[in-house]
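Novice: With the hints as your guide, set chain B onto chain A.
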Amino acid sequence: MNKNIDTKKIIISNPLKLDCGKEINNFPIAYETYGELNSEKSNAILVFHALTGDQYVSGKNPITNKDGWWSYVVGENKPIDTNKFFVICANVIGGCMGSYGPSTINEPTGKQIGTDFPIITINDMVNAQYELIKYFEIEKLFAVVGGSMGGMQVLQFVANFPDKAKLAIPIACTSSHSAQNIAFNELGRQAIMADSKWENGFYSNYKLNPDKGLAVARMAAHITYLSEKGLQEKFGRKLQDRDSLRYGFEADFQIESYLRYQGSVFVDRFDANSYLYITRAMDYFDLSKQYKGNLSDAFKETKTKFFVISFTSDWLYPTSENREIVIALNSIGADVGFVEIESDKGHDSFLLDVPSFLKTLGDYINSTYKVINERRI
Amino acid sequence: MKEEFNIISNLIEENTRVLDVGCGYGDLMKFLQENKTKDIRGLEISKEKVQNCLSKGLTVIEGNAESDLKQFPKSSFDYVILSQTLQAFLNPELVISELLKVGKKVIVTIPNFGYWRVRLQLLFKGTMPVTENLPHEWYNTPNLHMCTIKDFYNFCSSKNIKIFKSIALKKSRISEINKSNLNYKNLDSHLGIFLIES
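Protein sequences, first through last, are from chains A and B.
Just so you know, the working numbering puts the end of the first sequence at 436, numbered straight through with nothing missing.
Just so you know, the working numbering puts the end of the second sequence at 184, numbered straight through with nothing missing.
What follows is a list of derived Cβ distance ranges for each label pair: (1) Y194(A) / E79(B): 54 to 60 Å; (2) L168(B) / E99(A): 55 to 61 Å; (3) K145(B) / I431(A): 41 to 47 Å; (4) Y194(A) / N119(B): 57 to 63 Å.
Just so you know, these hints were derived from the structure itself, not from any lab.
Only a predicted model underlies this, so the values are computations on that prediction, with no experimental measurement involved.
Cβ coordinates follow ideal geometry from the N, Cα and C atoms, glycine included.
So here's chain A without its partners, still in its complex pose:
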């Protein structure tokens, strides 16, 4: 959480008009890159992160000291092979890993911006990250890729910049946040705001942190990332370090202990206000509404190739919602492939070791790269 992170940053001097009406300028975008940009600048892949992700896609995350959030997908000899591709990932605006967000220090006051930070949208996030492509002087990306909120950014990116990516891979996402999605996000926000240490978002002024609220938000959200079958198989009714129930409210069950742990490690790396702002951005996402109710219109200017992926046990962004994207693309004759991957790991499948997903994704990216390069020659 902005603990003097030694991260790569650019300062965007171009003013950016946000959807809420406010304008921001001279704001930082923190990013990380992997692999080498080739001389033709034709091998760049922009990866968008999900709600609690960051720019550290692969390798060791210097903040958490854990593997990058997409280590199964990005890296040397991984599906997105950094021996071949130049991978860029930026922390979204609103985030807390060095990009402009509520925990950014407001220079004149020396205090965090807190809830004076403007409401941002997926559209704003994407427009801000586009500045990074300009910074690298990349005329056209080979691909834009992302899962969950990262997938929403993929869709928004192609809609905003129809000729800036040859390939788009939205994974386990939606073109419009559903009532259920909004409901879960609201639950998380209310947990944070109910924490007396939240202080209307200005907790840092009082050297406080709404850790309890943020942990509960994370616990609730974490359940939505798993599947019932996955939970049952992994935890069942197994007890945590004990032989019998203790008749109290300690974590008797392994699942309780697991969720408490997930909550506790999350608060060490994530800012509560960022959680509020980013979930809000997701809730506001409705790409078809941006195009007067016709999702196809979002893509009618583009020649970008699409590959949509969903997972059988993902009930947060179910196959039906991913399929709506495919249908919208088909109805304008766009070049779109689609597969639903069999997995019982729920929404989190896109982050985990799901071999058929990793193989299909890697093979598809590599053979498409080859075909596109051959055609150019």
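Specialist: Then chain B, alone, in the frame of chain A:
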């Protein structure tokens, strides 16, 4: 298989837009990509086959022709191909009408149940026919609605579907089917290939 691909390829004009319904492992798509047109899509119901196609870089959508053809706009493809799959649908009549909406022209190939080898098995052995082209037993066959070349020919005329070209295949011998030789071709061919339009 190769003869069938050649015949289909010869029916298709270059650089047109093609959809292969029930594209399997994408062999026909690959063949057409190399010989006729780059602009080719596939629709396939099996996850494993879809993943295999995508791994090869083919543009394939996982879906069911009986419910998912609707999402393609009318006449959005120059050709829609249905290769040896018609008999596996619950409702072949519906599928044909959907194909004719999506494609300006439709190519349908059918394993001919009227082929004499098939007929002889039922007649003399008294068991459901198992041949090179129809390798399944009655209890595990995916084929729900087997038909003959003559059946399909008659189906087209009863539904006012125009047949542009109808070709019979026996081993690697290719011949045209017409009204006068229909009974003979129905007996002597293992595969029928039809180019139709609504």
